[in-house]
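Keeping their order, the protein sequence lines are chains G and X.
Each residue of the first sequence is one higher than the one before, counting from 3 in the working numbering.
Each residue of the second sequence is one higher than the one before, counting from 5 in the working numbering.
There could be a bad hint or two in this list.
[Unchecked claim] Result set (DSSO-like, lysine-lysine): computed pairs, CA atoms no more than 30 Å apart in a straight line:
(1) G/LYS233 x X/LYS113
(2) X/LYS47 x G/LYS233
(3) G/LYS16 x G/LYS322
(4) G/LYS16 x X/LYS289
(5) G/LYS352 x G/LYS254
(6) G/LYS16 x X/LYS51
(7) X/LYS113 x G/LYS352
(8) G/LYS352 x X/LYS51
(9) G/LYS259 x X/LYS113
(10) G/LYS16 x X/LYS146
(11) X/LYS47 x X/LYS113
(12) G/LYS238 x X/LYS113
(13) X/LYS229 x X/LYS113
(14) G/LYS254 x X/LYS113
(15) G/LYS16 x X/LYS91
The set of hints was computed from the structure by calculation and includes no laboratory data.
Model, not experiment: these values are computed from the prediction.
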Amino acid sequence: MAASLTFPRTTFAKLSPQPFLLANLSPPDPSLPSTRTNGRHPSQSRVPLVTTSSLSHAHGSAVVRTGDTTVICGVRGEILPVTGIPAYRPRSFTEADDVVAATVERWDELREYDLVVPNIELATGCAPQLLPGVPPSTLAQTLSTRVYELMHTCRLVDVDELRIWYHPARNTQEGGDEKMEEDGGEDEEEEARPELKAYWTLYIDLLFVSLDGNPFDAAWAAVVAALRDTKLPVAKWDVDRDMAICERNAQKGLTVKGLPIACSAAVFLERDQGLHLAQEGRHWVLMDPDRLEDEICQESVTVVVDRSGGETRVRALEKKGGTVVGVEAMREIVGLAERRWEEFSNAMPKK
Amino acid sequence: MTDRRRINGPAAATIPPVFLDDGGKEQKETPLIRSRPSDVLRKLFLKTGVTPSASGSAYLEIETTFKSGVSGLKLSCSVHGPRSLPKSAPFSPHIILSAHVKYAPFATKQRRGYLRDSTERDLSVHLETALRGAIIADRWPKSGVDIVVSIIEGDQDRGEAAGTGDETWDTMNVLSGCVTVASAALADAGIDCVDTVAGGVSALVVDRDGAESVVMDPVASEHGKIMAACCVAYLPSRDEVTNLWFKGNLETSDAQWYTELVQKGIQASRSANRVLVQCLHDTVKLTG
Numbered sequence: 003m004a005a006s007l008t009f010p011r012t013t014f015a016k017l018s019p020q021p022f023l024l025a026n027l028s029p030p031d032p033s034l035p036s037t038r039t040n041g042r043h044p045s046q047s048r049v050p051l052v053t054t055s056s057l058s059h060a061h062g063s064a065v066v067r068t069g070d071t072t073v074i075c076g077v078r079g080e081i082l083p084v085t086g087i088p089a090y091r092p093r094s095f096t097e098a099d100d101v102v103a104a105t106v107e108r109w110d111e112l113r114e115y116d117l118v119v120p121n122i123e124l125a126t127g128c129a130p131q132l133l134p135g136v137p138p139s140t141l142a143q144t145l146s147t148r149v150y151e152l153m154h155t156c157r158l159v160d161v162d163e164l165r166i167w168y169h170p171a172r173n174t175q176e177g178g179d180e181k182m183e184e185d186g187g188e189d190e191e192e193e194a195r196p197e198l199k200a201y202w203t204l205y206i207d208l209l210f211v212s213l214d215g216n217p218f219d220a221a222w223a224a225v226v227a228a229l230r231d232t233k234l235p236v237a238k239w240d241v242d243r244d245m246a247i248c249e250r251n252a253q254k255g256l257t258v259k260g261l262p263i264a265c266s267a268a269v270f271l272e273r274d275q276g277l278h279l280a281q282e283g284r285h286w287v288l289m290d291p292d293r294l295e296d297e298i299c300q301e302s303v304t305v306v307v308d309r310s311g312g313e314t315r316v317r318a319l320e321k322k323g324g325t326v327v328g329v330e331a332m333r334e335i336v337g338l339a340e341r342r343w344e345e346f347s348n349a350m351p352k353k
Numbered sequence: 005m006t007d008r009r010r011i012n013g014p015a016a017a018t019i020p021p022v023f024l025d026d027g028g029k030e031q032k033e034t035p036l037i038r039s040r041p042s043d044v045l046r047k048l049f050l051k052t053g054v055t056p057s058a059s060g061s062a063y064l065e066i067e068t069t070f071k072s073g074v075s076g077l078k079l080s081c082s083v084h085g086p087r088s089l090p091k092s093a094p095f096s097p098h099i100i101l102s103a104h105v106k107y108a109p110f111a112t113k114q115r116r117g118y119l120r121d122s123t124e125r126d127l128s129v130h131l132e133t134a135l136r137g138a139i140i141a142d143r144w145p146k147s148g149v150d151i152v153v154s155i156i157e158g159d160q161d162r163g164e165a166a167g168t169g170d171e172t173w174d175t176m177n178v179l180s181g182c183v184t185v186a187s188a189a190l191a192d193a194g195i196d197c198v199d200t201v202a203g204g205v206s207a208l209v210v211d212r213d214g215a216e217s218v219v220m221d222p223v224a225s226e227h228g229k230i231m232a233a234c235c236v237a238y239l240p241s242r243d244e245v246t247n248l249w250f251k252g253n254l255e256t257s258d259a260q261w262y263t264e265l266v267q268k269g270i271q272a273s274r275s276a277n278r279v280l281v282q283c284l285h286d287t288v289k290l291t292g
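Turn these sequences into a full structure, and let the hints guide you.
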């Protein structure tokens, strides 16, 4: 194939990406395995590399690299006093203790109060068409929203760890009479009970250093790795100053439930010269697509799996743009996602 | 109005964590010592080719000091171009440079917003000036080049309370890093330059005992007080300064301080340039 060309591979890839990828996937000699333009098998993913705790100003951070896609994630906690929440529903301490009450109540504080704020910045010159100075692109907005939604549906973070309580001193409970006089006698019964005063808000900022396809998998892995690395300072409510005060030397690691890993695949369809679907319609499922494949493939599937509990749990399934992937193909992709989970799980730093 | 294209979080303002002061006071007691002689820079790491899809790219890291909580500088730069200008752009006989410097939200003590602020715009202008003197611009008529620097981590002391005014001095260090990393990325992109330009910072510091001295590569938390600082972008083989940024409070009668600051800035830039040249040599060796 290459012998008939009068220009190098990269030029061919740029001029006519579709036939270029097709030619690579269907070699003239049928005994040869079909390979992608990047030299990988259709079901082969790039090796993930995860580094954590490399930023000193963030409470938790991670750098994830898969091939030429590199993303940095920084998690920073800030305090949100309950007085600032418009539709705040007070909750008492006993309610939090009571497991039954917590499950019955459908009020999702994490979502209602917007306590997790993931944002993805793509306009960092990470790819030639992504330059700064413009509002967030559609891709950046979609990615941020997908990460946001997945964070809530996976329940990665337990809201209980984000609560900042005020524990009144014990002796005031015994000297209830004096206390009543001081406070004008309101809510005598509630007085000694711990009071919820503020929440931690997690700002999760992602910055792409380099983008070569499949931004979602890398971004999601970076979010999970950074959250696992996050250590929030121990905060106590100070009544006199009416604000939360943190201890400089005491930190508490955030508990992250499970280890959901996203695995994306793109579906490449054979088309004839007019870019219409060929009659027989051969197709290939390409795992972990790179930038060229991302651009030409319309159909894509993202599976989020979690095997941290031993058995595979599918946390999310997303499929868009196309009609090729059916139940069988989906099963196959989930199977490949399981393998991907193992790779990422090994790459994640051990706790 | 809130930015509806991003996820903004809670409507109310969130407060960055406030720490108890006892721990901080103990730290203050430790004497302010410079970790190295006055004319030695912190160690610098430079590598090209971090963004393969860009025409040229580079990553720069300055080592963190021995003091805990003081971060070094981490910069990533990508260069896109030269490429043709959009059809709507007027004719230009030379290459049009556009530099963007952006702090990552997690780069500094205070969380930064996504919109560019005045510091970032200031840095961009200074960076553009520094590079314009180095590029042979008339080799590419009707074209443009974009230089994007992302500050992954700014040079700041986490222990220091906000609002002490140290940020202004850190900006100097950031600019000198930006110049060096952008120069490496430009060379990586194969854009013709008269020489590699590197940044250097010098500062007039007053130590605890009141002695004034000029130091290179100042770190605000290592000195008692910084009176003035100067950031120089310098082309060594031509002995030319492409950008000079002076900031501080200095009497006009002390002309010798001015010259000494610039001299030391140039010296710092020369040291940074050696790293830059070495890095480019290594890249050439690797790629053949």
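Exercise for the section: Any hints from earlier that this structure breaks? Give me their numbers in increasing order, please. Expected result: none
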